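K.L.:
Here the protein sequences line up with chains A and B, keeping their order. Just so you know, we're using this note's numbering here: the first sequence kicks off at 1 and counts up by one. Just so you know, we're using this note's numbering here: the second sequence kicks off at 1 and counts up by one.
Just so you know, these hints were derived from the structure itself, not from any lab. Treat each hint with caution, since some may be false.
One copy or two, it doesn't matter: identical chains are merged, so the pair holds either way.
Okay, derived cross-link-like pairs now, DSS-like style, lysine-lysine, Cα gap no bigger than 27 Å in a straight line [claimed, not checked]: (1) Lys-27 to Lys-43; (2) Lys-86 to Lys-21; (3) Lys-104 to Lys-43.
From a predicted model like this one, the values you see are computed outputs, not experimental measurements.
There are 2 protein chains.
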Amino acid sequence: MRPLAQHTLLEFYDCNPACLKHSKPVKKLLCDSVQRGGGTIVKAVFHNFSPHGVSGVVVITESHVTIHTWPEYGYAAVDIFSCGEKLDHKTIRAHLQRALSARKVSGQSFRRGFPNKNIRGAVPVRRSVRSPGFRRSTTPYANKHPSR
Amino acid sequence: MRPLAQHTLLEFYDCNPACLKHSKPVKKLLCDSVQRGGGTIVKAVFHNFSPHGVSGVVVITESHVTIHTWPEYGYAAVDIFSCGEKLDHKTIRAHLQRALSARKVSGQSFRRGFPNKNIRGAVPVRRSVRSPGFRRSTTPYANKHPSR
Numbered sequence: 001m002r003p004l005a006q007h008t009l010l011e012f013y014d015c016n017p018a019c020l021k022h023s024k025p026v027k028k029l030l031c032d033s034v035q036r037g038g039g040t041i042v043k044a045v046f047h048n049f050s051p052h053g054v055s056g057v058v059v060i061t062e063s064h065v066t067i068h069t070w071p072e073y074g075y076a077a078v079d080i081f082s083c084g085e086k087l088d089h090k091t092i093r094a095h096l097q098r099a100l101s102a103r104k105v106s107g108q109s110f111r112r113g114f115p116n117k118n119i120r121g122a123v124p125v126r127r128s129v130r131s132p133g134f135r136r137s138t139t140p141y142a143n144k145h146p147s148r
Numbered sequence: 001m002r003p004l005a006q007h008t009l010l011e012f013y014d015c016n017p018a019c020l021k022h023s024k025p026v027k028k029l030l031c032d033s034v035q036r037g038g039g040t041i042v043k044a045v046f047h048n049f050s051p052h053g054v055s056g057v058v059v060i061t062e063s064h065v066t067i068h069t070w071p072e073y074g075y076a077a078v079d080i081f082s083c084g085e086k087l088d089h090k091t092i093r094a095h096l097q098r099a100l101s102a103r104k105v106s107g108q109s110f111r112r113g114f115p116n117k118n119i120r121g122a123v124p125v126r127r128s129v130r131s132p133g134f135r136r137s138t139t140p141y142a143n144k145h146p147s148r
């Protein structure tokens with residue numbers, strides 16, 4: 001059984017701090033990125049911290065994308081969680097990296113949800129490189145959620 | 001330098017499917033859990049899928065908690081991301097486990113955001129057991145975000 005969802009944790013370092021300070025441009029950026037990645041936005045909620053810094057969530061029909069920024073460190077943490085094959089995590093990452101002028105980016109992907117297997121935790125995708133077929137499949141989430 | 005945030009990925013298996021079907025009770029449950037864990041809710045956004053299944057996000061001043069449910073598999077994926085020491089991830093996990101009647105639960109925690117260190121990815125907390133001081137500190141996030 002294939003996993004129900006894929007989750008990517010992204011760390012953007014050495015960003016342009018000006019890009020991370022206020023919720024309005026961060027919201028626009030994240031929504032643009034989600035749309036470029038093929039996501040369908042249901043709702044976007046962003047919160048501006050005082051004096052600066054943003055927490056934002058974009059709920060999409062494919063699940064969610066979140067961002068938390070620390071302008072004082074030039075750092076942003078982004079999560080992409082999707083339960084369909086439609087959302088392109090790499091496109092979102094690339095767009096954010098360009099727009100934030102992030103000089104260093106790292107990402108880790110996990111497969112989540114194996115209800116009929118004896119796998120309990122989130123499984124790092126790096127392990128699955130050894131599992132033939134995971135990366136090459138055109139339908140990476142075979143057990144598509146009927147409702148998403 | 002201590003990490004800027006902690007992120008816990010939780011998998012709830014063999015839940016009572018009835019608890020996972022509709023957004024209203026799932027929203028109430030997640031908000032209750034966040035409040036029991038000491039979180040301050042900014043906004044909650046939940047989306048009901050047809051015929052069933054829920055995606056929900058609770059934005060909190062400490063960052064976010066999300067849930068995605070698959071009633072047909074008795075499975076829920078929950079994420080807790082917090083950038084302060086106030087939010088108690090374990091309390092949230094325990095409350096959700098009880099309320100969902102989840103027979104199997106697994107969790108993985110990561111430390112995220114080390115702007116001044118040569119650490120790039122999210123770091124599993126299990127590794128940090130070897131790093132004296134991480135777990136015993138009463139201020140696990142030394143570089144507290146000034147605005148959260």
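K.L.:
Against this structure, judge whether each hint is valid.
P.N.:
Evaluated hints:
no.	hint	in the structure
1	Lys-27 to Lys-43	both (11 Å within a copy, 15 Å between copies)
2	Lys-86 to Lys-21	between (30 Å within a copy, 23 Å between copies)
3	Lys-104 to Lys-43	neither (29 Å within a copy, 31 Å between copies)
Of the numbered hints stated above, the single one contradicted by the structure is hint 3.
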